[in-house]
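Number of protein chains: 2
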Amino acid sequence: MAKNITNPEKDYARWYQDVIREAELSDSAPVRGCMIIRPYGFAIWENIKASLDRSFKDTGHSNVYFPMLIPQSFFEKEAEHIEGFSPELAVVTYAGGKKLDEPLVLRPTSETMFNHMFSKWINSYRDLPMLLNQWANVILWEMRPRTFLRTTEFLWQEGHTAHANEKEAREEPLRMLHVYEDFARNVAAIPVIPGRKTEREKFAGAVDSYTIEAMMGNGWALQSGTSHYLGTNFAKAFNTMYLDSSNEQKYVHQSSWGVSTRLIGGVIMAHGDENGLRLPPRLAPVQVVIVPILKDASREETMRTAEKIASELKNLDIRVKLDAREGMSPGFKFNYWEVRGVPLRLEIGPRDIEEGYVMLSPRNNPGRDGKFKVPLDNVVNELPGLLDKIQEEMLNEATEKLNERTYTAESFEEFTKAIKERPGFYSVWWDGDTDDEIRLQQETKATVRCIPLDQTGGSGKCIMTGRETSVKVILARAY
Amino acid sequence: MAKNITNPEKDYARWYQDVIREAELSDSAPVRGCMIIRPYGFAIWENIKASLDRSFKDTGHSNVYFPMLIPQSFFEKEAEHIEGFSPELAVVTYAGGKKLDEPLVLRPTSETMFNHMFSKWINSYRDLPMLLNQWANVILWEMRPRTFLRTTEFLWQEGHTAHANEKEAREEPLRMLHVYEDFARNVAAIPVIPGRKTEREKFAGAVDSYTIEAMMGNGWALQSGTSHYLGTNFAKAFNTMYLDSSNEQKYVHQSSWGVSTRLIGGVIMAHGDENGLRLPPRLAPVQVVIVPILKDASREETMRTAEKIASELKNLDIRVKLDAREGMSPGFKFNYWEVRGVPLRLEIGPRDIEEGYVMLSPRNNPGRDGKFKVPLDNVVNELPGLLDKIQEEMLNEATEKLNERTYTAESFEEFTKAIKERPGFYSVWWDGDTDDEIRLQQETKATVRCIPLDQTGGSGKCIMTGRETSVKVILARAY
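Same order as they appear, the protein sequences are chains G and H.
Residues 690 to 1168 (the working numbering) are what the first sequence spells out, left to right.
Residues 690 to 1168 (the working numbering) are what the second sequence spells out, left to right.
In case anyone wonders, no lab produced these hints; they're calculated from the structure.
Not one of these hints is a red herring.
Since the list gives no way to pick out one identical chain from another, each pair is judged satisfied if it fits inside one copy or across any two copies.
Calculated pairs, BS3-like style, for lysine-lysine (alpha carbon to alpha carbon, straight line, at most 27 Å): (1) Lys809 x Lys1022; (2) Lys997 x Lys1078; (3) Lys1010 x Lys809; (4) Lys699 x Lys1134; (5) Lys1134 x Lys891; (6) Lys788 x Lys766; (7) Lys746 x Lys1010; (8) Lys738 x Lys1010; (9) Lys809 x Lys692; (10) Lys746 x Lys1022; (11) Lys1003 x Lys738; (12) Lys746 x Lys997; (13) Lys997 x Lys1062; (14) Lys891 x Lys1150; (15) Lys1106 x Lys1150; (16) Lys984 x Lys1010; (17) Lys1003 x Lys984; (18) Lys699 x Lys1109; (19) Lys1060 x Lys984.
All chains should be built: construct the whole structure from the sequences, respecting the hints.
Next comes the structure, spelled out in structure tokens:
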């Protein structure tokens, strides 16, 4: 057990904060609810961003930048939207040395700004589809902040698209949900359940909301990305019309979709263990750390060999760090990089060099003695494959955990008892309405996470209403 | 002359706005002074950012993210700093449904936040140097906004570093000024004059400020990047001390440096012409546009050939766009991409294919008839070299313009007359003080742009005071 890190079995919330502090991912800001993302934490975000941005561009989206300051009147245009957001807004009332005539809202999302511009830029069917995305900071006043998961300011991307027809606009949020799912599985090594949100849980202003739900180490769910079919709700509010090919004015159909820095929290909690962070290689800022075992007589030769390996790995585009810091023991360095979740440690000392080997120690080893030797001549060639193997193992491990902790329940009574004893995902028959969801949450603290897109078929009795239904949902406690 | 674009000789300010509109770089926002960066404009920023970010990382800097919201009290810690900024601040007074106890300022820079965290993170000489950078949006209330050049919200990067000794901290802003200069010359194809700012022009709170000054198409200067040696001013205000190797408590020495979206304005005005934007290949979102000449009988073959070239260029990492839009004439497309400054246009039609040639038309050609033929079999191989050649030609052209329009003046009277008749850079002897600079600006609208790092030697009489001096400065009107 790493010192300074609470055992996650004992206190998961403290474990989470301990890992963030010890791995130097974030620090608290002087304004409550805001966060400082430190270099190591930000490097994870940069990797998340680079991977998703590539996918957005490959699927035909362009990036834009829209203003942080939005006239208050914009929020009054779409009724449900303002109702959903108003308690969480931050408002500039004073600027440039005087009181403003109209207060300016700090964007909680840029939904209204995008719609304002869509109504200006879209005239004809030739302008469609318009597929835009923005990476930006947003502000949503948070009463119970938790680093990365719920913060007053966070970083995110918001995609906004406008389409000539409903079919295409309904497909877009599902297409982007698939991009998110693919990223979660194949880059973040987190298996997720893609599904639709219930009426109660959907985005303010959407017709349909979709989500990917991931399971954290304590069995809770993390909503890790969402996408929405907005219908013509915003088009009507902002009067966004286009001339179709038969010269008729029509409202555009729209979608929006986003992920945020909360994904960093998801990575911590999906993979972390009692020794700190564990990062999948494709996300890790440092994929391989080389710790040279330096002794006076052989210092130069050890460093020369370590530097040669580092430089050869760099040429293979592997993110490698040679930790040659003076005045720190190898043991100190092992812990330092273990807490930070570096997927693979490479130790090299005079005896190893003499024998023609290096010692490798994968962070994801089962137990703590997964060290093994690899011939010095082979190590550079073997490393890329080894990193792929670690990536795969981490996804497999997380998938097994998800499967193990996905339960079922036949009745509300059974569920109420079970979720207390065995937190996890519960796949249950469901035919409830918003009132049932409220009761569910009040009595069990669980919510309907999603209606999985992949329904298993068959039918059964809804655990709340007792009515026969063919719909299964996932219930869980959630961040 | 492109339609919809004012002749720059007639009205440079209108030409600038026309180019921004016609090339779809930016649009006005509903809040005065804020800007919307459209996909094509943002793609230029993404290329600027990617290039500089690589250089920052290569020189050992890490990225972080600090909060947008800063307690008002932070600004009162460094006296000169608050004086420099207070009229331009925007203030949040209301959030989460109620009035805030302490108003929160939207960052005009993150100087104070970085210093707050430095004082927490830095304890010993082992923590130094701390080399951080942030890419973020900032808000400075702007009374006379101009797209990209002066906007209430803009995007920028701000580097902040802390060092154990003065020598290293004095070198850092010069090292980063060199990174900026290198980017300007070799990526943006803009020759710049690196220099030191006068007492009057330096950053609020700095000991020394440095700048790179670029010449725009109308002979005005654009301050395109700045760096600062901050001494121990902020360290004392925030009590940032470290324990040195002999166990003594000492203040850190600091630097900061930044460039912003105003660089996009610089690119427009350094290279643009009467037909719109001209982009250097290394910055251009689209480096080569392929316009197929489509005729019914040969449409398929033409498209097949065009697609083959596009795909081969993509494999060489060339940013290529095949404009296969229907219902638009080749001439319309030529103008469309010319206004957008795409460095190279490739035309291909049935006759070309038959004869085994394609037609190339570089955007930077002298006059409008620089078209030439290249054998179809060769074009993919020749293109990378041709783009390098265009890049070089654009730098040469801008350098010639800078040299041609750099004048001198022996007296204030001569200068006053000359700058009116021939706007440009004036390299003059200077021994004036702040009062002289104020008088200079009041009478000529020109300012001291910088004291070039590269002094030519010799001495002469200051144009303001008549005193003998060995210092030359650059005077110009500036954005």
